[in-house]
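Participant: Now for the letters of each chain:
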Amino acid sequence: MNKRSLSLWGFVGTVILTTLMAASQELGLSRINFPFMLGTMFTPNRDRAGLIGFGVHFLNGWIFASVYAAAFESWRRASWWLGAAIGLVHALYVLVVAMPALPAMHPRMANEQQGPTPTKQLEPPGFMALNYGRRTPLSVILAHLVYGGILGAFYRLK
Amino acid sequence: MDEKRQALLFRKSTYNASYLPIDDYALIGDCRSAGLISRDGSLDWLCLPRFDSPSIFAAVLDTEKGGRFLVRPVGEFRTERRYLANTNVLETIFRTPTGACVLRDLMPVSSEEDKRAYLTPEHEVLRQLEGLEGEVEVEILYDPRPDYGRVRPLLEQRGALGLRCEVDGTSLTLRSELPLELTDGDHSACGVARIRSGERKYLSLTYSMEAPAVVPLLGEAARGRIERTVRWWQEWADRCPYEGPYRDAVVRSALALKLMTYAPSGALVAAPTTSLPEAVGGVRNWDYRYCWLRDASFTLRALFALGYREEAEAYTGWLLHATRLTWPELHVLYDVFGEAKLPERQLPHLEGYAGSRPVRIGNDAHGQLQLDVYGEVINGAARFLDRGGRFDRDTSRMLNDLGRTVCRRWREPDEGIWEGRSGRFHNTHSKVLCWVALDRLIEMHEAGYLEVSVELFRANRAEIRKEIEAHGYNERIGSYTRTFDGEEMDASLLTMPLYGYIEGKHPRMRSTSARIHEKLARDELVYRYETGTDDGLPPGEGAFGICSFWAVECVAQGGNVEAATQTFEQLLAYANDVGLFAEEIDPDTGAALGNFPQAFTHIGLINAALTLAEYRDEHALAGQDQPPAEKELEDHT
Numbered sequence: 001m002n003k004r005s006l007s008l009w010g011f012v013g014t015v016i017l018t019t020l021m022a023a024s025q026e027l028g029l030s031r032i033n034f035p036f037m038l039g040t041m042f043t044p045n046r047d048r049a050g051l052i053g054f055g056v057h058f059l060n061g062w063i064f065a066s067v068y069a070a071a072f073e074s075w076r077r078a079s080w081w082l083g084a085a086i087g088l089v090h091a092l093y094v095l096v097v098a099m100p101a102l103p104a105m106h107p108r109m110a111n112e113q114q115g116p117t118p119t120k121q122l123e124p125p126g127f128m129a130l131n132y133g134r135r136t137p138l139s140v141i142l143a144h145l146v147y148g149g150i151l152g153a154f155y156r157l158k
Numbered sequence: 001m002d003e004k005r006q007a008l009l010f011r012k013s014t015y016n017a018s019y020l021p022i023d024d025y026a027l028i029g030d031c032r033s034a035g036l037i038s039r040d041g042s043l044d045w046l047c048l049p050r051f052d053s054p055s056i057f058a059a060v061l062d063t064e065k066g067g068r069f070l071v072r073p074v075g076e077f078r079t080e081r082r083y084l085a086n087t088n089v090l091e092t093i094f095r096t097p098t099g100a101c102v103l104r105d106l107m108p109v110s111s112e113e114d115k116r117a118y119l120t121p122e123h124e125v126l127r128q129l130e131g132l133e134g135e136v137e138v139e140i141l142y143d144p145r146p147d148y149g150r151v152r153p154l155l156e157q158r159g160a161l162g163l164r165c166e167v168d169g170t171s172l173t174l175r176s177e178l179p180l181e182l183t184d185g186d187h188s189a190c191g192v193a194r195i196r197s198g199e200r201k202y203l204s205l206t207y208s209m210e211a212p213a214v215v216p217l218l219g220e221a222a223r224g225r226i227e228r229t230v231r232w233w234q235e236w237a238d239r240c241p242y243e244g245p246y247r248d249a250v251v252r253s254a255l256a257l258k259l260m261t262y263a264p265s266g267a268l269v270a271a272p273t274t275s276l277p278e279a280v281g282g283v284r285n286w287d288y289r290y291c292w293l294r295d296a297s298f299t300l301r302a303l304f305a306l307g308y309r310e311e312a313e314a315y316t317g318w319l320l321h322a323t324r325l326t327w328p329e330l331h332v333l334y335d336v337f338g339e340a341k342l343p344e345r346q347l348p349h350l351e352g353y354a355g356s357r358p359v360r361i362g363n364d365a366h367g368q369l370q371l372d373v374y375g376e377v378i379n380g381a382a383r384f385l386d387r388g389g390r391f392d393r394d395t396s397r398m399l400n401d402l403g404r405t406v407c408r409r410w411r412e413p414d415e416g417i418w419e420g421r422s423g424r425f426h427n428t429h430s431k432v433l434c435w436v437a438l439d440r441l442i443e444m445h446e447a448g449y450l451e452v453s454v455e456l457f458r459a460n461r462a463e464i465r466k467e468i469e470a471h472g473y474n475e476r477i478g479s480y481t482r483t484f485d486g487e488e489m490d491a492s493l494l495t496m497p498l499y500g501y502i503e504g505k506h507p508r509m510r511s512t513s514a515r516i517h518e519k520l521a522r523d524e525l526v527y528r529y530e531t532g533t534d535d536g537l538p539p540g541e542g543a544f545g546i547c548s549f550w551a552v553e554c555v556a557q558g559g560n561v562e563a564a565t566q567t568f569e570q571l572l573a574y575a576n577d578v579g580l581f582a583e584e585i586d587p588d589t590g591a592a593l594g595n596f597p598q599a600f601t602h603i604g605l606i607n608a609a610l611t612l613a614e615y616r617d618e619h620a621l622a623g624q625d626q627p628p629a630e631k632e633l634e635d636h637t
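Listed in order, the protein sequences are those of chains A and B. Following the working numbering, the residues of the first sequence are numbered contiguously, the last one being 158. Following the working numbering, the residues of the second sequence are numbered contiguously, the last one being 637.
In case anyone wonders, no lab produced these hints; they're calculated from the structure. Think of the CB as a built atom: it goes at the ideal place given N, C-alpha and C, for glycine as much as any other residue. One or more of the hints may lead you astray.
As the list claims (entries may be wrong) - Chain B is faced by these chain A residues, among others (derived, beta-carbon under 10 Å): (1) Lys3; (2) Gly50; (3) Ile52; (4) Pro124.
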């Protein structure tokens with residue numbers, strides 16, 4: 001794997017993915033906030049959670065970039081549409097599998113069966129993270145398509 | 001059971017049923033969904049898996065097509081009902097010429113620790129039938145009609161595993177210790193059995209979205225679930241520190257409110273039902289299975305004051321974060337996860353409660369402008385802060401943005417708190433709440449908890465007050481008015497002292513209270529506005545429960561605690577036999593009207609009881625001397 005290229009474009013892809021997700025929050029498309037969701041695994045302090053989550057989110061960005069890069073290397077080709085295709089699978093996996101399973105892994109997240117003890121915790125995302133807004137799947141898929149597209153377009157094969 | 005008898009039973013149960021009075025129902029629930037059970041043992045309303053999901057049973061909206069789950073004696077019987085003390089476990093005692101039996105209905109709940117120790121179904125309705133005296137012949141009818149009665153699923157008899165049907169990939173299973181036979185082309189099941197004194201039989205209805213579904217045990221295991229549920233509710237109710245003379249009513253209201261909270265997000269729905277009419281046969285039939293922001297600060301006052309801090313914090317969390325989709329604007333209502341687009345649709349296949357059409361799902365009020373919600377949310381945030389809560393940077397920024405939205409929009413007309421459908425007006429109540437929003441933000445800023453655009457907010461706060469006093473008060477009639485430069489009364493004006501906009505003893509407020517009593521009250525019951533006010537709908541509705549309780553608080557704040565106490569006690573008599581209130585009360589008959597039970601009414605009851613306790617204490621400390629102005633208020637009330 002081309003580690004320099006992976007590091008650079010993994011970082012750029014994550015920056016753009018994060019920007020798109022933040023924009024979708026501001027535009028009222030979705031309430032999902034990946035850094036906050038990740039950060040609250042470590043601390044209940046909202047401000048600190050945002051910071052920690054940001055770090056974890058970027059680390060994840062690189063880890064996933066290495067998976068994308070491994071796929072490009074195994075195919076011996078990389079292009080924006082190949083990257084976007086992996087991004088689509090990645091987004092669907094996040095929405096359909098990871099999000100509904102998150103309450104079981106997240107120490108501060110309620111599940112859909114919570115109650116009657118009230119949750120002081122985070123509300124569960126539900127299937128396709130629809131509990132965070134009906135347009136959440138759209139935002140997540142779009143952001144991951146762009147993330148994958150950037151990696152595919154700019155990653156240089158070793 | 002022979003075929004002839006079975007067919008006879010089915011016809012009797014399904015087609016001879018008429019609509020029972022709304023207050024003949026009682027509520028059970030698990031803080032995610034809830035069901036209504038009638039005095040004759042029929043589960044006539046149940047939506048799963050959430051309050052606002054399509055119904056499984058909806059006989060309350062259509063006795064023929066809605067579907068029900070009935071357990072009751074055959075022939076004549078008398079009924080007594082109660083909740084087991086300090087619980088939401090309903091007990092219905094049936095007395096017949098041959099004996100008596102008791103039906104206990106509940107949706108089992110338990111602590112999160114217990115849930116980790118026992119495998120529990122996602123949702124369960126558990127019904128325990130116990131013989132008390134002699135022998136009672138009971139009939140059972142199980143007739144699920146999912147999707148608001150549009151689906152008639154085929155029931156599959158699976159022996160010991162019960163009767164099962166699939167609905168859109170979910171599984172509904174009924175296990176019964178009483179014999180049931182499939183009938184009506186396998187779309188329903190019924191049975192007749194005899195219960196002798198001392199015998200206990202269980203029926204368990206479970207709903208599962210996941211497979212394999214949990215099929216709960218009956219017998220002793222079911223008894224254990226009832227015991228755990230009773231224990232959970234009693235421990236929860238025991239936390240209520242209110243020890244005043246109305247403890248039973250206050251605790252029952254708290255228990256009812258708890259049933260209307262959605263535990264996974266902390267939201268509180270206005271009512272667990274849709275389209276129970278505000279006038280029988282009328283068109284004022286709305287879907288209340290959503291969360292209205294207008295209830296926010298009153299809800300928080302009730303929850304914090306009753307010691308339910310976890311619930312209050314969860315609700316604040318929902319209030320401040322679930323509404324982010326629409327920031328920096330606030331909508332009128334949201335669903336339990338904060339979705340604001342809830343388009344209204346009609347269900348023409350349902351005849352509606354006693355013919356009250358249309359049956360609606362969704363609520364078009366989501367598209368209205370109600371400026372009062374800003375004051376409610378910000379006042380709620382201030383209550384949270386008062387109780388030791390703190391805001392993170394995002395929330396602080398959001399609150400400041402809400403204040404800026406108020407500054408930008410308070411001059412606009414709006415639909416107002418009652419969601420009228422006759423257009424937008426300069427509603428005095430909405431302007432007052434805009435003042436409240438800015439006032440609380442300035443207070444939080446001055447206390448060092450928030451950074452806000454304080455000069456802008458101060459200037460607008462002063463301007464709003466000036467406008468209210470110039471245009472919202474009519475010197476000729478001596479009252480604040482429903483709209484600017486108007487002459488009509490509105491009960492929402494009773495909240496002005498409750499928000500701290502004006503002292504209850506201020507001459508303007510006293511005369512407003514007196515005018516409202518003259519124009520809107522029938523004895524202790526208060527209408528929300530004058531009959532004949534054009535609200536865009538055909539006339540006809542009852543007195544509003546919450547307005548009647550606001551009047552109690554307003555009179556108490558005005559200094560006449562005795563009159564307020566007397567009115568409060570009279571209002572308590574309008575609760576049904578298990579202590580529940582609907583949205584409205586028919587002043588002619590005392591019957592409940594509108595969606596049932598109504599969170600807003602119970603919040604009003606709790607807050608009125610708290611205010612009475614507060615002012616009674618003050619009154620006692622101050623001695624028995626009343627200021628001369630008291631006399632005037634007494635004359636009017």
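Participant: The structure should be examined with respect to each hint, and the outcome stated for every one.
Facilitator: Against the structure, the hints:
A distance limit of 10 Å between C-beta atoms decides the matter here; for lysine 3 of chain A the minimum to chain B is near 36 Å, and the interface restraint is violated. The interface hint given for glycine 50 of chain A is met, as the beta carbon of that residue sits about 8 Å from the closest beta carbon of chain B, less than 10 Å. Among the interface hints, the one on isoleucine 52 of chain A is violated; its C-beta lies about 14 Å from the nearest C-beta in chain B, farther than the 10 Å criterion. Interface hint at proline 124 of chain A: satisfied, since its Cβ lies 6 Å from the closest Cβ of chain B, which is below the 10 Å cut-off.
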